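Go ahead and model the full structure; you've got the sequences and the hints to work with.
If you're matching them up, the sequences are chains A and B in order. First residue of the first sequence: 40, per the working numbering; consecutive thereafter. First residue of the second sequence: 1250, per the working numbering; consecutive thereafter.
Hints are computed from structural coordinates only; laboratory data are not their basis. As the structure is a prediction and not an experimental result, all values here were calculated from the model. Zero decoy hints are in this set.
Distance ranges between label pairs, derived from CB positions:
{"hint": "1", "chain 1": "A", "residue 1": "LEU58", "chain 2": "B", "residue 2": "ALA1371", "range": "42 to 50 Å"}
{"hint": "2", "chain 1": "B", "residue 1": "GLU1316", "chain 2": "A", "residue 2": "ALA155", "range": "32 to 40 Å"}
{"hint": "3", "chain 1": "A", "residue 1": "LEU114", "chain 2": "B", "residue 2": "GLU1316", "range": "55 to 63 Å"}
{"hint": "4", "chain 1": "A", "residue 1": "SER121", "chain 2": "B", "residue 2": "GLU1333", "range": "42 to 50 Å"}
{"hint": "5", "chain 1": "A", "residue 1": "LEU95", "chain 2": "B", "residue 2": "ALA1446", "range": "47 to 55 Å"}
{"hint": "6", "chain 1": "B", "residue 1": "ARG1369", "chain 2": "A", "residue 2": "LEU127", "range": "37 to 45 Å"}
{"hint": "7", "chain 1": "A", "residue 1": "VAL176", "chain 2": "B", "residue 2": "GLU1333", "range": "14 to 22 Å"}
{"hint": "8", "chain 1": "B", "residue 1": "GLY1314", "chain 2": "A", "residue 2": "LYS158", "range": "25 to 33 Å"}
{"hint": "9", "chain 1": "A", "residue 1": "ALA99", "chain 2": "B", "residue 2": "THR1491", "range": "50 to 58 Å"}
{"hint": "10", "chain 1": "B", "residue 1": "GLN1398", "chain 2": "A", "residue 2": "GLN154", "range": "24 to 32 Å"}
{"hint": "11", "chain 1": "A", "residue 1": "TRP55", "chain 2": "B", "residue 2": "ALA1374", "range": "51 to 59 Å"}
{"hint": "12", "chain 1": "B", "residue 1": "VAL1475", "chain 2": "A", "residue 2": "LYS158", "range": "21 to 29 Å"}
{"hint": "13", "chain 1": "B", "residue 1": "SER1275", "chain 2": "A", "residue 2": "GLN154", "range": "33 to 41 Å"}
{"hint": "14", "chain 1": "A", "residue 1": "LEU120", "chain 2": "B", "residue 2": "GLN1257", "range": "54 to 62 Å"}
According to the in silico footprint, chain A covers these stretches of chain B (three or more CB under 8 Å from chain A):
{"hint": "15", "segment": "1335-1344"}
{"hint": "16", "segment": "1349-1359"}
{"hint": "17", "segment": "1393-1402"}
{"hint": "18", "segment": "1406-1418"}
Distance condition first, Cα-Cα at most 20 Å in a straight line; then the derived SDA-like pairs of lysine to any residue:
{"hint": "19", "chain 1": "B", "residue 1": "LYS1329", "chain 2": "A", "residue 2": "GLU162"}
{"hint": "20", "chain 1": "A", "residue 1": "LYS255", "chain 2": "B", "residue 2": "ARG1394"}
{"hint": "21", "chain 1": "B", "residue 1": "LYS1418", "chain 2": "B", "residue 2": "ILE1334"}
{"hint": "22", "chain 1": "A", "residue 1": "LYS158", "chain 2": "B", "residue 2": "GLU1303"}
{"hint": "23", "chain 1": "A", "residue 1": "LYS158", "chain 2": "B", "residue 2": "ASP1304"}
{"hint": "24", "chain 1": "B", "residue 1": "LYS1368", "chain 2": "A", "residue 2": "GLU162"}
{"hint": "25", "chain 1": "B", "residue 1": "LYS1372", "chain 2": "A", "residue 2": "PRO181"}
{"hint": "26", "chain 1": "B", "residue 1": "LYS1368", "chain 2": "A", "residue 2": "VAL176"}
The C-beta atom is built at its ideal place from N, Cα and C for all residues, glycine as well.
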Amino acid sequence: MIDLNAFFDELWIARWAVLQGVATTVAISALAIVFGSFLGTVVGLALTYGGRLTRLLFRAYTDFIRGTPVLVLILAGYYVLSTIGINLTPFQAGILALAVFCSSHVGEIIRGALQAIPKGQREAAMAIGLTFPQTFVWVLLPQALRQILPTWVNTAAEMVKASTLLSVIGVAELLLRTQEIISRSFLSLEFYFFAGVLYFFVNFGIELLGKWVERKTTIPGQG
Amino acid sequence: MSVLLEIQGLHKRFDATEVLKGVDCSVAQGEVVSIIGSSGSGKTTLLRCINMLEDFQDGRILLDGEEIGYDTRDGRRRRKPEREIARQRALTGMAFQQFNLFPHLTAAGNVMLGLIKTKRMAKEAAHQLALHWLERVGLADRADRYPGQLSGGQQQRVAIARAIAMQPKLMLFDEVTSALDPELVGEVLQVIKGLAADGMTMILVTHEMRFAFEVSSRVIFMNGGVIGEEGDPKTMFVAPKTERLAEFLKTSSFN
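Structure (structure tokens):
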């Protein structure tokens, strides 16, 4: 049977390890999402407004990345880059891989949202003398963001889940910490379940944040 | 009166189709010119070339003596840098058939955006000016509403205020009443009439023949990518010289 006392004893002993694991998971996910979203915005812009060659190149990039398992990206980021003289720590390599993965998804989301904005919006912005960067920041992005948000929250949650894969290159995130604790305490059921609950709370937090931003940015008079 | 806009030998192609086949015309300061013609005659394209919403392949457009969109140096024609074109676009104001208000900004916010970003006005000054122009189009009490909370006629009036607030040298109206319910057309035409009375130079592409007749100092009839006929509204509508125009008027709403 589940021995709750033993579990809490072990948890108390390992409390700092667990906290560090959660912190690492959150840090990895947050950095990957931030970098990935920036990169993804560039990808989305290139896919929507780029010339033919630019579009082709970025299309190849997103399709290639999206067709590759995240685990392969992570292993490539760590092992392949080191063979060409780029030595990243597991933490850095992991974030790079996740950010690249994130960018391909965010790029697609942004392309979809930008293409859904009527052409007249750009023309109206041009007609009052805005340059393209100004048009993007003040007219297109604010409208696209509202459409992007729900899907973007999904992607963010995916990134949190994908961060577990960094355990294979030795990043001490929540899953690896949990496994270490289990190898010492043999309370596998309890600690895996506990880790699951922690992941749930991280993602639940992201979802709440998304809902809050969505409420804040609702445009009056629009369905 | 001095010439404000001069168009010389304007040619515009969409891929293989030539839409404008050599348009020459000029508009004097303070003139109100209506462009009429059947759909596909190139009237909207002509309007859109004037503020470079469309590139054009040949010809010159001079606004107040300044060449719009292109430079010709050593016999080679080059598109001006994007920043320069953006600056030139702000010299003309444009109102669109579909209003194209920014849905995420209030009526005042719509008017302010160009003032702040293009004219680099301070926020407070821009707000004051926006209120002034919204009042001018009769919407002072709607300044804080979003486009989705306004009727079509109100949206179009905000769009006109947004364009006028930039104090353009020339206003372009692209079928501004075509998307409106009939009962909302009047309020928009009233605003345009007021601007005409103030001496604003305007070019209107319109299907409202009665309005064109009343407000215009001159009418241009576009036909197959060239100017078919032009003249003062009385002569144009009452005694058309070309058969084409006579035919067009017969099928249009003017009678």
